[in-house]
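Student: If you want the working numbering, it's the 1-based position in the sequence shown plus 252.
Think of the hints as simulated: they come from the structure by calculation, not from any bench. One should not assume that every hint holds.
Think about it this way: if two alpha-carbon atoms lie no more than 30 Å apart in a straight line, the pair counts; the simulated DSS-like pairs of lysine-lysine are [said to hold, decoys possible]: (1) Lys-353 with Lys-331; (2) Lys-331 with Lys-361; (3) Lys-331 with Lys-385; (4) Lys-361 with Lys-388; (5) Lys-362 with Lys-385; (6) Lys-388 with Lys-362.
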Amino acid sequence: MKKIMATVMLAVGLLASNYMGAEATDIVTTPGMSQEEVLPPVQVNMNVQVGTGTYQVTSVAEDNRTVKYIAPVNQNCTKAVVPATITLAEDGNVYKVTSIKANAFQDCKKLRTIHIGSNVAYIGKEAFKNCAKLAKIEIPNSVTSIGHSAFKECNISSTIPNSVTCIGDSAFAYCPNLEFTIPNSVTSMGSDVFYGCSNLERIYLLSEQLIGYGAFYPGVFE
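I would like the entire structure built from these sequences, with the hints used as guidance.
Tutor: Spelled out as structure tokens, the structure:
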């Protein structure tokens, strides 16, 4: 009887061992596929930190690797750079920085200067809202769209490049010191774009039909 029980237990043990071994093998050694290929080092929506900024991966396509700038590492920074490209340590590839996320620099009240790289096409809503010390910004020719309230309550003057086609609502509202040229490339301009800009001295606008409701109210041109 003892011999029979020992034989049964041995058989059960062998079955368990074989099952566990097969299960582990199935997880990591699928024929023709390495573990790295199963779990790529960089994936869409993955957040990464490079230098003084954090980014979100938006495309991993071999011919179109892109990321979105999320926020500075230090919210108390006085200067910041949104580069044209970054290189990720995870895979060694170069990624274009094509946009600035909504609220990326909002309330960075010590920020004075910002450089935006030449691949950024979109500046998200409220991206620089309430950056009261941000006095000047150069918007590169790659930018085509500026989100609503993107520069609201900043102290900036800037040139809008000919690449821009869309300016969102309240994009430059309550900016106390402004001089602007709206290029003929702009085909859509929201309401309240310059709302509350009482010190606006000059603005060159090529088409009146672009002026949204309340774009220059109150205090402007009164």
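Student: When the hints from earlier in the document are held up against this structure, which numbers fail?
Tutor: Checked against the structure, no hint fails, so every one of them is satisfied.
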